[in-house]
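Student: Sequence:
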Amino acid sequence: PKARRVIAFLTLANVNVHESTIRRTLANHSVHGASNKNIAASLQFAKDHEDIPKGYWRNVLWTNETKTELLVQMRTHGV
60 PKARRVIAFL TLANVNVHES TIRRTLANHS VHGASNKNIA ASLQFAKDHE DIPKGYWRNV
120 LWTNETKTEL LVQMRTHGV
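Just add 59 to the spot in the sequence shown (first one is 1) and you have my numbering.
Hints in this document: simulated from the structure, not taken from any laboratory.
Please note that the accuracy of each hint is not assured.
[Stated by the list, open to error] Ranges between beta-carbon positions, derived for each pair:
1) Ala93 <-> Gly114: 38 to 48 Å
2) Asn75 <-> His108: 40 to 50 Å
3) Pro112 <-> Leu69: 30 to 40 Å
[Claimed, not checked] Simulated pairs of lysine-lysine, DSSO-like, Cα-Cα distance not exceeding 27 Å:
4) Lys96 <-> Lys61
5) Lys96 <-> Lys106
6) Lys96 <-> Lys113
7) Lys61 <-> Lys106
We put the beta carbon where it would ideally sit given N, CA and C, even for glycine.
Throw the hints in and build the complete structure from the sequences for me.
Tutor: As structure tokens, then:
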């Protein structure tokens, strides 16, 4: 689905790229699609926690953001 969303976006910009090229590029950058099992688990998690106040989530470390946040910090601090 991610590759198809990228294709749809690029089509709006009149850019033509084959789906396999997008999939390969995403995989090379460790961006993988979620399995049906993980999608179902994420949906269930959201349903189970929909009544928790937004402020609570500011203190939660989301593992899918860890790599990005660490890379940004490394660039910012010149590590």
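Student: Please go over all the hints and tell whether each is borne out by the structure.
Tutor: Verification of the hints:
At about 27 Å, the beta-carbon gap between Ala93 and Gly114 misses the expected band of 38 to 48 Å. Take Asn75 and His108: their Cβ atoms lie about 41 Å apart, and the range 40 to 50 Å holds. Between Pro112 and Leu69 the CB atoms are about 38 Å apart, so this pair conforms to the stated range of 30 to 40 Å. In summary, the hint linking Lys96 to Lys61 is supported, as the alpha carbons are separated by about 17 Å, within the 27 Å threshold.
Pair hint Lys96 plus Lys106 holds up; C-alpha atoms about 15 Å apart against a cutoff of 27 Å. The suggested pairing of Lys96 with Lys113 holds, with an alpha-carbon distance near 26 Å, which does not exceed 27 Å. This hinted pair checks out: Lys61 and Lys106 have alpha carbons roughly 23 Å apart, not beyond 27 Å.
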